[in-house]
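Student: Residues per chain are reported as follows:
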Amino acid sequence: MKENGQELDRIIREHSLYQCLECGKCSASCPRQLAGKEYSPRLLAHKLIAEREDEAFIESSVWECLTCGLCGERCPSGVNFSRLIMDMRVLLAGTKGLKGYRSHDGALHSWMRIMTSPDLQQERLGWVHAGIRVATYGPVAFFTGCAPYFDIFFAGINVDTLSIARDSVRLLNFLGITPVLLSNERCCGHDLLWTGDRENFETLCRLNYEEFKDAGIKEVVVSCPECFYILSEFMPEIIPTFDIKVTLLIELLEQEFRKGGMAFRPFKHKVTYQDPCRLGRVCGRYDPPRNLLSMIPEMKFREMENSGRSAICCGNNAFINCDSYSKRIQVQRLREARATDADMLITACPKCMIHLTCTMRDPLRRDSLAMEIKDLVSVLADQIEWTGK
Amino acid sequence: MNHVSLLGICCNWSPYACYNAAGMARLKMPPNFRLVRVMCIGRINQALILRAFEYGADGVILLECKDEDCRYGPGPEVGHQNVQRVRRLLRLLGIGQKRLVERSFATHEKEEFVRALWEFSELIQTMGPNPAKPRQELEVS
Numbered sequence: 001m002k003e004n005g006q007e008l009d010r011i012i013r014e015h016s017l018y019q020c021l022e023c024g025k026c027s028a029s030c031p032r033q034l035a036g037k038e039y040s041p042r043l044l045a046h047k048l049i050a051e052r053e054d055e056a057f058i059e060s061s062v063w064e065c066l067t068c069g070l071c072g073e074r075c076p077s078g079v080n081f082s083r084l085i086m087d088m089r090v091l092l093a094g095t096k097g098l099k100g101y102r103s104h105d106g107a108l109h110s111w112m113r114i115m116t117s118p119d120l121q122q123e124r125l126g127w128v129h130a131g132i133r134v135a136t137y138g139p140v141a142f143f144t145g146c147a148p149y150f151d152i153f154f155a156g157i158n159v160d161t162l163s164i165a166r167d168s169v170r171l172l173n174f175l176g177i178t179p180v181l182l183s184n185e186r187c188c189g190h191d192l193l194w195t196g197d198r199e200n201f202e203t204l205c206r207l208n209y210e211e212f213k214d215a216g217i218k219e220v221v222v223s224c225p226e227c228f229y230i231l232s233e234f235m236p237e238i239i240p241t242f243d244i245k246v247t248l249l250i251e252l253l254e255q256e257f258r259k260g261g262m263a264f265r266p267f268k269h270k271v272t273y274q275d276p277c278r279l280g281r282v283c284g285r286y287d288p289p290r291n292l293l294s295m296i297p298e299m300k301f302r303e304m305e306n307s308g309r310s311a312i313c314c315g316n317n318a319f320i321n322c323d324s325y326s327k328r329i330q331v332q333r334l335r336e337a338r339a340t341d342a343d344m345l346i347t348a349c350p351k352c353m354i355h356l357t358c359t360m361r362d363p364l365r366r367d368s369l370a371m372e373i374k375d376l377v378s379v380l381a382d383q384i385e386w387t388g389k
Numbered sequence: 001m002n003h004v005s006l007l008g009i010c011c012n013w014s015p016y017a018c019y020n021a022a023g024m025a026r027l028k029m030p031p032n033f034r035l036v037r038v039m040c041i042g043r044i045n046q047a048l049i050l051r052a053f054e055y056g057a058d059g060v061i062l063l064e065c066k067d068e069d070c071r072y073g074p075g076p077e078v079g080h081q082n083v084q085r086v087r088r089l090l091r092l093l094g095i096g097q098k099r100l101v102e103r104s105f106a107t108h109e110k111e112e113f114v115r116a117l118w119e120f121s122e123l124i125q126t127m128g129p130n131p132a133k134p135r136q137e138l139e140v141s
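Same order as they appear, the protein sequences are chains A and B.
Each residue of the first sequence is one higher than the one before, starting from 1 at the first, in the UniProt record's numbering.
Each residue of the second sequence is one higher than the one before, starting from 1 at the first, in the UniProt record's numbering.
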């Protein structure tokens with residue numbers, strides 16, 4: 001690590017790692033370590049500060065982290081471990097190459113990199129049907145994200161991620177908004193950034209910004225927490241002139257709902273909610289999903305044992321390092337969900353949905369884990385109605 | 001004439017035997033063609049096909065055994081499935097489904113094999129370079 005000494009110092013200082021008290025709360029709460037993986041955030045912090053010559057350890061640990069942020073949540077010194085890992089990955093990727101075992105052999109990262117091509121002419125709007133109103137030019141856009149791609153790629157496990165996009169547009173139409181859908185919108189680049197590929201990530205951000213500008217966009221509505229995080233926090237950092245308002249769909253909905261005139265139809269289900277890490281711990285949105293769910297009549301909402309700030313990750317992030325330990329985390333999470341006696345698991349992130357659905361299909365544990373899983377947006381779109389009051 | 005890069009992914013058994021026999025018979029093969037030999041086309045997954053396009057291929061052809069000839073069992077079926085899915089992804093990306101071709105051969109079909117390569121080469125030549133080539137690559141592993 002000698003050649004990157006200064007850069008490393010900067011990263012450590014920026015994330016106040018020198019304030020580490022060696023209390024070990026990070027390691028004690030790390031889901032990956034609790035699942036039995038030989039990985040310890042506290043030891044990584046120690047090595048980064050005091051034993052930089054142990055490059056092999058540092059390198060393997062940096063790529064192990066789930067970046068779910070649970071350790072940062074508990075850290076008394078407020079070390080943002082997830083961002084530290086991100087910076088470390090960018091640094092290591094630049095000097096030693098991209099590492100980390102990529103799930104699905106990196107197919108998802110491949111198509112994200114293909115999208116950095118400026119001449120790309122995608123055909124991504126095949127899912128738009130006559131039942132929804134969309135525009136090609138206007139002030140408000142809806143950011144679809146990778147949903148059309150996931151829909152094809154994960155067809156084998158029956159995850160309908162496109163329904164999230166359709167239901168989001170339905171909700172916007174319900175609020176009287178005809179959103180612009182960009183035919184050449186790129187991936188937000190979250191997964192590339194979190195696998196250390198900052199160069200391609202920035203290219204994606206710039207291309208997306210150009211697309212927004214060309215379509216006259218003033219506000220982008222986003223339903224995916226990862227896209228929201230990237231668009232609202234990283235894009236202004238990369239594009240100094242960024243002047244587009246980024247709105248989270250569920251926040252917009254909550255705000256409009258409080259103005260009155262609409263209600264939810266009764267929903268006779270017992271449900272529980274999986275906090276996506278990027279929505280909860282990273283963007284601090286614990287309440288909007290719960291507030292919205294509490295407005296639905298006849299629905300029983302039960303929290304899992306670990307929820308809100310302590311919510312456990314869906315087992316994977318940025319599509320790297322999916323292994324038996326990830327599976328263990330997912331199985332534990334689904335057991336918690338089943339223990340609430342709920343008949344439906346509600347998530348707010350397409351990736352939670354993909355990962356947890358994948359685990360439910362485990363041939364050995366199938367019946368003991370399976371439960372209906374639905375995105376929050378889909379539930380809301382199905383139940384909302386005008387009352388005029 | 002457009003310069004295009006073509007990639008062939010060739011099963012070690014029937015198609016490679018065809019390739020070998022075609023070489024022995026000195027049949028003319030298309031230029032700017034790279035062939036990767038794999039033990040079975042069932043080894044190739046969606047990611048590897050996509051990666052070829054990510055690295056700048058203008059066309060990819062999977063050369064596989066006839067369904068009933070697979071030495072391992074399900075190889076060509078796996079190939080069909082992957083091709084179907086990747087074609088849908090390529091369509092979304094605007095690369096176009098036609099840039100991914102799948103052909104199967106029996107061991108003695110060397111003329112058919114060479115003809116398939118030429119047809120594929122001409123198809124991609126007329127389509128021109130792949131519009132969606134990423135500008136940079138950052139990959140060491």
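I should point out that these hints are in silico values taken from the structure, not numbers from a laboratory.
Honestly, I wouldn't trust all of these hints.
[As the list claims (entries may be wrong)] Label pairs and their computed distance ranges (CB to CB):
1) A/Arg-361 - B/Glu-112: 39 to 45 Å
2) B/Lys-28 - A/Tyr-137: 48 to 54 Å
3) B/Lys-66 - A/Tyr-137: 34 to 40 Å
4) A/Gly-5 - B/Lys-66: 55 to 61 Å
Note that the structure is a prediction, hence the values are computed from the model and not measured.
Beta carbons: idealized from backbone N, C-alpha and C, even for Gly.
Student: Any hints this thing doesn't respect? Which numbers, in order?
Tutor: When the structure is compared with the hints, only number 3 turns out to be violated.
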